[in-house]
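> Protein chains in written order, with the working numbering: chain A, 97 to 372; chain B, 97 to 372.
You may find that some hints are simply not true.
Stretch-level coverage of chain B by chain A, calculated; a stretch enters the list once three of its residues show a Cβ under 8 Å from a Cβ in chain A [as the list claims (entries may be wrong)]:
#1 125-137
#2 262-275
Pairwise CB distance ranges, derived in the manner of DEER restraints [said to hold, decoys possible]:
#3 B:E329 with A:D157: 35 to 45 Å
#4 B:S198 with A:D284: 28 to 38 Å
#5 A:S199 with B:E142: 42 to 52 Å
#6 B:K100 with A:D177: 28 to 38 Å
#7 A:D284 with B:Q363: 31 to 41 Å
#8 B:Y200 with A:I203: 34 to 44 Å
#9 B:D240 with A:D240: 20 to 30 Å
Simulated crosslink set (PhoX-like; lysine-lysine; CA at most 25 Å straight-line) [what the hints assert, rightly or not]:
#10 B:K333 with B:K308
#11 A:K183 with A:K287
#12 A:K183 with A:K101
#13 B:K243 with A:K308
#14 B:K367 with A:K101
#15 A:K120 with B:K308
#16 A:K367 with B:K330
#17 B:K124 with A:K173
#18 A:K100 with A:K181
#19 A:K173 with B:K120
If you are wondering where the hints come from, they were derived from the structure by calculation, not from laboratory data. We treat Cβ as the ideally placed atom computed from N, Cα and C, and that holds for glycine.
Number of protein chains: 2
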Amino acid sequence: MTLKKLNLHLVSDSSGETVISVAKSALKHFRSVETIEYVWSFVKGEEQIDKILEEINRKSDEHNFVICTITDDELRKYLKDNCIKLKIPYRAILSHIIREISSYLEIEKDEKLDLHTEINNEYFQRIEAINYTINHDDGQNIQDIDKADIILVGVSRTSKSPTSTYLAYRGYKVANIPFVSGVPFYVDLAKLKNKLTIGVTIDVSRLIEIRKNRLTSINNEDNNIYANPEKVEKEIKEAEELFKQNNWPIIDVTQKSIEEVSATIIQYFNKMLSID
Amino acid sequence: MTLKKLNLHLVSDSSGETVISVAKSALKHFRSVETIEYVWSFVKGEEQIDKILEEINRKSDEHNFVICTITDDELRKYLKDNCIKLKIPYRAILSHIIREISSYLEIEKDEKLDLHTEINNEYFQRIEAINYTINHDDGQNIQDIDKADIILVGVSRTSKSPTSTYLAYRGYKVANIPFVSGVPFYVDLAKLKNKLTIGVTIDVSRLIEIRKNRLTSINNEDNNIYANPEKVEKEIKEAEELFKQNNWPIIDVTQKSIEEVSATIIQYFNKMLSID
Numbered sequence: 097m098t099l100k101k102l103n104l105h106l107v108s109d110s111s112g113e114t115v116i117s118v119a120k121s122a123l124k125h126f127r128s129v130e131t132i133e134y135v136w137s138f139v140k141g142e143e144q145i146d147k148i149l150e151e152i153n154r155k156s157d158e159h160n161f162v163i164c165t166i167t168d169d170e171l172r173k174y175l176k177d178n179c180i181k182l183k184i185p186y187r188a189i190l191s192h193i194i195r196e197i198s199s200y201l202e203i204e205k206d207e208k209l210d211l212h213t214e215i216n217n218e219y220f221q222r223i224e225a226i227n228y229t230i231n232h233d234d235g236q237n238i239q240d241i242d243k244a245d246i247i248l249v250g251v252s253r254t255s256k257s258p259t260s261t262y263l264a265y266r267g268y269k270v271a272n273i274p275f276v277s278g279v280p281f282y283v284d285l286a287k288l289k290n291k292l293t294i295g296v297t298i299d300v301s302r303l304i305e306i307r308k309n310r311l312t313s314i315n316n317e318d319n320n321i322y323a324n325p326e327k328v329e330k331e332i333k334e335a336e337e338l339f340k341q342n343n344w345p346i347i348d349v350t351q352k353s354i355e356e357v358s359a360t361i362i363q364y365f366n367k368m369l370s371i372d
Numbered sequence: 097m098t099l100k101k102l103n104l105h106l107v108s109d110s111s112g113e114t115v116i117s118v119a120k121s122a123l124k125h126f127r128s129v130e131t132i133e134y135v136w137s138f139v140k141g142e143e144q145i146d147k148i149l150e151e152i153n154r155k156s157d158e159h160n161f162v163i164c165t166i167t168d169d170e171l172r173k174y175l176k177d178n179c180i181k182l183k184i185p186y187r188a189i190l191s192h193i194i195r196e197i198s199s200y201l202e203i204e205k206d207e208k209l210d211l212h213t214e215i216n217n218e219y220f221q222r223i224e225a226i227n228y229t230i231n232h233d234d235g236q237n238i239q240d241i242d243k244a245d246i247i248l249v250g251v252s253r254t255s256k257s258p259t260s261t262y263l264a265y266r267g268y269k270v271a272n273i274p275f276v277s278g279v280p281f282y283v284d285l286a287k288l289k290n291k292l293t294i295g296v297t298i299d300v301s302r303l304i305e306i307r308k309n310r311l312t313s314i315n316n317e318d319n320n321i322y323a324n325p326e327k328v329e330k331e332i333k334e335a336e337e338l339f340k341q342n343n344w345p346i347i348d349v350t351q352k353s354i355e356e357v358s359a360t361i362i363q364y365f366n367k368m369l370s371i372d
């Protein structure tokens, strides 16, 4: 079978995160298509669009497809009209949703967002958050844990690190702390007061499956404690007791995506802010 | 001004990453709306949708909006029909794009994706990648740098860590290594052979701005080397010389988003794979 080739041109007035994510999800359904992604971020003016169109035109003997998340109506129309002229299939993503929310809530969308300042601030906040989170992964550097926005506690392999980095990417400083059976919890609980601390837990059999996978991947199948059903069950039970003693919200991550777990954590975070 | 409230119900048959990202981008344009996000991931059957509808119905005196990325046509229709019945505004994202790609390339979309296995594999790969990347941030643990998929080299504050974690989140194991003026480059270059090593560089004045910001944020404005124009220029020049000596591709990250830089890196990575 020969693969069909597709040049995907992803055009955004912001970082491009959304349009990349949409493209990736859509293309999952075409495994026989070989895709090359061209990402254009921070596109703000017609001259930038002209440059993109020039690039596309240079590949006019290939398959090209444009997906765009530009929200300025005029600029988006400029891209669209030119795509039609060049006979390149084009699709916009956000504009319909923005229009519908606007009509449903009977509220105008904000005009002329100062996206540049906003992106700059978001950018710095995100970088600080990622640096903090990397430095506070797996119980490291707990001396300044009071600077965290969110603290995750849980046994090994409950997605603490991926959840932390996803939240960091969303701008939150996260520290995650492993709970290990038989090892006293070594964090000064007084420092966690007035902080959002979340206990993460998981179904015992699912955790055993994940840990077995982990042992296989590091060629360490002989480790007979890490994935031992009784030990795992005991460890999870002890962890949950610690969570309850401290009144930490508990999230069961079984069958949930990192994104869903993170969304729940953000709900707790916002709720805490609105109480303060 | 009183804020309007909106419950956003984000329904996905996968992790929810795409639908969350779309919602976030759209809501940026309504700063006067207070949004609560409810994320439902891995939604595969009508009984799960019934549960979601029940939850929404319980909030029927509030504003509710459903955005969905379910790609199974029947299941999506089930959600849509029920939203119409309950008079809840509803919007699907991926289906139009999938249909258009399909008709443009004259190719059917893959039916019955084994999303469960795929998500499971992706999930493990992603977790391994994130763990590896966190452990190889900022020049740590270079002894097993040969296990990385991608290596980033650059001076301080050129977005190496955020780019690395974004790529890790996409499933790539990334090591990043700081280049410091006057300090000999301490990585065994032989280990980088046949590896994708990328030199990241940046505009001098932009880097000075970023570093000044950094110094302010850590209350260390007196540091007169880190953001000194001459020193910064010299450091970037030396770094670029190292990149050229080793024939590493160079990416200038000035005015580019982390996502755009990452997309370019992935292009290099795929190109290298197709040559091997």
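> So which hints don't hold here, by number, going up?
4, 5, 7, 11, 15 and 16
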